[in-house]
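Colleague: Listed here are the chains, written in short residue letters.
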Amino acid sequence: MKHFLKYQNKGLKHIIITDLISGLLLLLFLYTSLSKLADYETFKNVLLASPLLSPLAGIIAWVLPFAEIVIVVLLFIPDFRLKGIYASFITILFFTLYLIYMITFTPHLPCNCGGVLKLLTWPQHIFFNLFFILLSLTGILLYKRTKNTISDCPP
Amino acid sequence: MYRYLTGILAVIIATGAVAFTKPNATMKQNPKTLSYYFQFTGAHGDEANVTEWQEISLSDYNALSCSGQNEGCKIATSSVSNPTASFPNRDISSVTVNANDVPQQTMDNFQVVNKP
Numbered sequence: 001m002k003h004f005l006k007y008q009n010k011g012l013k014h015i016i017i018t019d020l021i022s023g024l025l026l027l028l029f030l031y032t033s034l035s036k037l038a039d040y041e042t043f044k045n046v047l048l049a050s051p052l053l054s055p056l057a058g059i060i061a062w063v064l065p066f067a068e069i070v071i072v073v074l075l076f077i078p079d080f081r082l083k084g085i086y087a088s089f090i091t092i093l094f095f096t097l098y099l100i101y102m103i104t105f106t107p108h109l110p111c112n113c114g115g116v117l118k119l120l121t122w123p124q125h126i127f128f129n130l131f132f133i134l135l136s137l138t139g140i141l142l143y144k145r146t147k148n149t150i151s152d153c154p155p
Numbered sequence: 001m002y003r004y005l006t007g008i009l010a011v012i013i014a015t016g017a018v019a020f021t022k023p024n025a026t027m028k029q030n031p032k033t034l035s036y037y038f039q040f041t042g043a044h045g046d047e048a049n050v051t052e053w054q055e056i057s058l059s060d061y062n063a064l065s066c067s068g069q070n071e072g073c074k075i076a077t078s079s080v081s082n083p084t085a086s087f088p089n090r091d092i093s094s095v096t097v098n099a100n101d102v103p104q105q106t107m108d109n110f111q112v113v114n115k116p
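Quick note, the sequences are listed as chains A and B, same order.
Number 134 in the working numbering belongs to position 134 of the first sequence; there are no gaps in the numbering.
Number 81 in the working numbering belongs to position 81 of the second sequence; there are no gaps in the numbering.
Think of the hints as simulated: they come from the structure by calculation, not from any bench.
Just so we're clear, the structure is a prediction, and the values are computed from it rather than from any experiment.
There may be inaccurate statements among the hints.
Said to hold, decoys possible - Between beta-carbon pairs, the in silico distance windows are:
| no. | chain 1 | residue 1 | chain 2 | residue 2 | range |
| --- | --- | --- | --- | --- | --- |
| 1 | A | Phe-131 | B | His-44 | 24 to 32 Å |
| 2 | A | Ser-54 | B | Ile-13 | 14 to 22 Å |
| 3 | B | Gly-16 | A | Pro-123 | 40 to 48 Å |
| 4 | B | Thr-15 | A | Phe-105 | 13 to 21 Å |
| 5 | B | Ser-57 | A | Leu-56 | 28 to 36 Å |
| 6 | A | Leu-56 | B | Gly-16 | 41 to 49 Å |
| 7 | B | Asn-49 | A | Leu-93 | 40 to 48 Å |
| 8 | A | Ile-77 | B | Ile-13 | 30 to 38 Å |
| 9 | A | Tyr-98 | B | His-44 | 22 to 30 Å |
| 10 | A | Val-73 | B | Ser-57 | 36 to 44 Å |
| 11 | B | Asp-46 | A | Thr-138 | 52 to 60 Å |
| 12 | A | Thr-138 | B | Glu-52 | 24 to 32 Å |
For each residue, glycine too, the CB sits at the ideal point set by N, CA and C.
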């Protein structure tokens with residue numbers, strides 16, 4: 001009984017932490033997707049100003065916010081949460097690689113930023129993204145560990 | 001049901017944040033290059049006159065909204081290959097500006113970006 005409770009408490013702790021992590025990721029993706037959709041023209045113009053993305057600006061301006069909303073839905077539903085965290089990890093990783101490319105090769109960097117993000121410099125923005133990459137990784141590891149803890153639990 | 005709690009809370013905060021903070025297109029300084037920013041101070045139709053372009057700070061550049069007839073209301077220039085040189089970075093005479101188009105770059109080593 002004692003063992004069972006120990007495993008149950010450990011599993012519960014992991015579940016709470018992964019729920020908090022997915023909540024933070026959900027907040028980030030919902031905020032950014034709604035910001036893009038709320039001011040679609042500005043977002044499209046920012047993409048047009050990007051030398052790398054300008055040829056596909058019209059498509060990306062629609063696809064990206066909707067992809068982010070799909071991630072939000074995955075993060076919201078507990079059964080799909082791990083998939084949502086994986087999708088968040090991959091998306092933020094791509095954003096960060098794009099930012100690094102832009103800083104390296106482009107002198108002017110337009111940003112469709114709101115709130116705190118507007119105050120951040122580009123290197124700070126990269127660290128902000130790295131924080132969420134680490135958060136996603138932590139979420140993935142904890143989620144897997146929770147599953148293992150539950151399956152390892154003695155009968 | 002409690003597993004939806006963090007999600008519901010995040011949805012409330014995110015929608016509230018979008019409602020109360022308006023995102024806008026801002027130019028952020030690339031730490032690797034030296035950039036200069038210009039504001040058009042002349043009348044519509046006189047955009048090609050380089051003396052009508054006044055150098056401004058990055059914060060003034062971001063605060064400046066391009067409205068009305070002037071397409072080329074502000075320009076950001078910088079040099080990737082020679083970031084410390086004052087020329088041609090500050091020289092916008094090589095930029096083609098007219099009343100109907102956004103400023104166009106005419107040199108390889110510096111980039112002109114109009115307000116997105």
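Colleague: If a hint holds in the structure, say so; if it does not, say that too.
Modeller: Here is what the structure says about each hint:
| no. | hint | in the structure |
| --- | --- | --- |
| 1 | Phe-131(A) <-> His-44(B): 24 to 32 Å | 46 Å, violated |
| 2 | Ser-54(A) <-> Ile-13(B): 14 to 22 Å | 33 Å, violated |
| 3 | Gly-16(B) <-> Pro-123(A): 40 to 48 Å | 29 Å, violated |
| 4 | Thr-15(B) <-> Phe-105(A): 13 to 21 Å | 36 Å, violated |
| 5 | Ser-57(B) <-> Leu-56(A): 28 to 36 Å | 33 Å, holds |
| 6 | Leu-56(A) <-> Gly-16(B): 41 to 49 Å | 32 Å, violated |
| 7 | Asn-49(B) <-> Leu-93(A): 40 to 48 Å | 47 Å, holds |
| 8 | Ile-77(A) <-> Ile-13(B): 30 to 38 Å | 19 Å, violated |
| 9 | Tyr-98(A) <-> His-44(B): 22 to 30 Å | 37 Å, violated |
| 10 | Val-73(A) <-> Ser-57(B): 36 to 44 Å | 43 Å, holds |
| 11 | Asp-46(B) <-> Thr-138(A): 52 to 60 Å | 57 Å, holds |
| 12 | Thr-138(A) <-> Glu-52(B): 24 to 32 Å | 55 Å, violated |
Of the numbered hints listed earlier, those contradicted by the structure are 1, 2, 3, 4, 6, 8, 9 and 12.
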